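Peer 1: Each chain, written out:
2 protein chains.
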Amino acid sequence: MSKESTPLQFNEAFCKGNVGSFFRIDKVDCTKQSKFQRIDIFESSELGKIFALDGVTMLNERWEFAYHEMIAHVPMFSHKSPKNVLVIGGGDGGTIREVLKHPSVEKVDLVEIDPDVIEICKKYLPSTASKLNDQKVSIHNEDGKNFVMRKHSEYDVIIVDSTDPYKGAGKSLFTEEFYSACRDALKENGVFSAEAENPVYDGKEMERCFEEMKKAFPIVRPYKAFVPMYPSGFWVFAYASKDVEPKIKDSSRINQIKGTLFYYNLEIHDSAFVLPTFLRKLLD
Amino acid sequence: MSKESTPLQFNEAFCKGNVGSFFRIDKVDCTKQSKFQRIDIFESSELGKIFALDGVTMLNERWEFAYHEMIAHVPMFSHKSPKNVLVIGGGDGGTIREVLKHPSVEKVDLVEIDPDVIEICKKYLPSTASKLNDQKVSIHNEDGKNFVMRKHSEYDVIIVDSTDPYKGAGKSLFTEEFYSACRDALKENGVFSAEAENPVYDGKEMERCFEEMKKAFPIVRPYKAFVPMYPSGFWVFAYASKDVEPKIKDSSRINQIKGTLFYYNLEIHDSAFVLPTFLRKLLD
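Residue numbers (my numbering), protein chains in the order written: chain A, 1 to 284; chain B, 1 to 284.
There's no promise every hint is true.
Same chains, same label: a pair holds when it works inside one copy or across any pair of copies.
[Said to hold, decoys possible] In silico PhoX-like links for lysine-lysine, alpha-carbon gap of 25 Å or less: (1) K258 / K281; (2) K171 / K80; (3) K123 / K32; (4) K107 / K151; (5) K242 / K16; (6) K101 / K281; (7) K123 / K247; (8) K80 / K204; (9) K136 / K27; (10) K101 / K32.
No wet-lab data here; the hints were simulated from the structure. The model shown is predicted, which means the values in this text are computed figures rather than measured ones.
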């Protein structure tokens, strides 16, 4: 018998277990059952630290930039001067980190239902969570839908950085009622983005997300990015607005922060909205 | 004890086993050790039939369209009238199927080193292999490099649809010597494409592939596509030519066959060449 211990392996299955991905865990930094979900922080030599909720990868340090840049900068650069921003979900702080790169931003509300997510990410994931302590950021530990339903004409940009729509905390964030509340919480010329799953293993959920959103917003535009940390790597986001198309309003603003960007650039913005034929047909 | 048998699982590991993907095998159609490699055909309820060489997925029926359309139509539509085409590798027939959609094509040489790949794909994978019997197609079972080194100014389009560069049959197809032979086998205005790995788990191999190619071709342009059947889903291809940029020469030709295309379209062609910042920097 070998004296080496068997390494831990994290298996993440999709499609009733018919397909999935795995990575080797070198170290478990933290595992906790909160009031809402199980929160894990692992370490992997290939991926850096991994943050998972209920056994589903939320981010890994190596590839989170692709997701966070694309969910944040597409709406942020589509607004002419974003000052007040609302982020729903995203307790890891990655989206907040990107939002705060925009010098026009004065105030960010972060609504994360689970205070343990905030505490654990602050402790173990400073690469995404360090900006949660920024003085422009206010953290609200409550249900995102309840929060946004109290707001009217308040935000320039709303970003929904939620868990999957299947169950639990994220479920109410994929409904017409929620999207309508977001629309009403936006100022004139306000813009919205949300994660919208993938067309490879969750095509039905993705379609339903867009159907609900189209009931609430006159302008809904799907866009895509390579997000290798998620199932299939083919991630879809939704841009929406009452009145603003997702065009870059001032490209000189990109030049100001381009040294901090690893995925997003001027050309990626427009090309992200170009969809392969099968996805066009699915969402038409 | 349950009477149900444990289902078979196919595990495909990358990065020294630190990460990987898996799928459940419902049926093994064929497994054979040929002179060159182990050839497997599996069936999966989620992915259709899967064709693997030495334990590495070459294709699955559900998502092969993305890979085959993007490796074939980007060069084919960049040429003003492709008549003679050479495909190196690609014994599954998927690339040939796409090439033959172009009515201008008169002759296709397919150079697949392993005759068992051809026979097994013809038997078990008609969805990609049925066009291997087309009268315009000539199959040559020999080393791709040896074949192309005998050819001079003969082809309008050359497509290298090879295995990975790590070992075995595909290794000689990622060298300056091979790329130079391809350049010399092209006619004036000839164009070239090749699979070039992924930047997520094989960034070094991808870089090396482009370095070698740039020694042989004055014009080398990386492009990308979502290919969910491969590691990370983020697949990179290389377009190259002596004198022709990868611009669509006649968009009316796309309209003629667009009913048969599920990934490629007019706008995808150009946007495929727009790269995320990290990849731009890696390949500059």
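Peer 1: Against this structure, judge whether each hint is valid.
Peer 2: Tested hints:
For the homomeric pair K258 and K281, the shortest alpha-carbon distance between copies (13 Å) is at most 25 Å, but the shortest distance inside one copy (34 Å) is not. Taking the shortest alpha-carbon separations for K171 and K80, neither the intra-copy value of 31 Å nor the inter-copy value of 51 Å comes in at or below 25 Å. Taking CA atoms no more than 25 Å apart as the test, K123 paired with K32 passes inside one copy only; the shortest distance there is 13 Å, against 52 Å between copies. In this homomeric assembly, K107 and K151 come within 25 Å of each other (Cα to Cα) only inside a single copy, at 15 Å, whereas the closest approach across copies is 66 Å.
In this assembly of identical chains, the alpha carbons of K242 and K16 never lie at most 25 Å apart, being 38 Å within a copy and 49 Å across copies at closest. For a Cα distance limit of 25 Å, the shortest separation of K101 from K281 across copies, 21 Å, qualifies, whereas the shortest one inside one copy, 36 Å, does not. Taking the shortest alpha-carbon separations for K123 and K247, neither the intra-copy value of 37 Å nor the inter-copy value of 50 Å comes in at or below 25 Å. When the C-alpha separation of K80 and K204 is checked against a cutoff of 25 Å, the pair qualifies neither within a copy, at 34 Å, nor between copies, at 40 Å.
Neither within a single protomer nor between protomers do K136 and K27 lie at most 25 Å apart by alpha-carbon distance, with minima of 34 Å and 57 Å respectively. Taking the shortest Cα distances, K101 and K32 never come within 25 Å of each other, neither inside one copy (32 Å) nor across copies (55 Å).
The structure fails to meet hints 2, 5, 7, 8, 9 and 10 from the earlier list, while all remaining hints are met.
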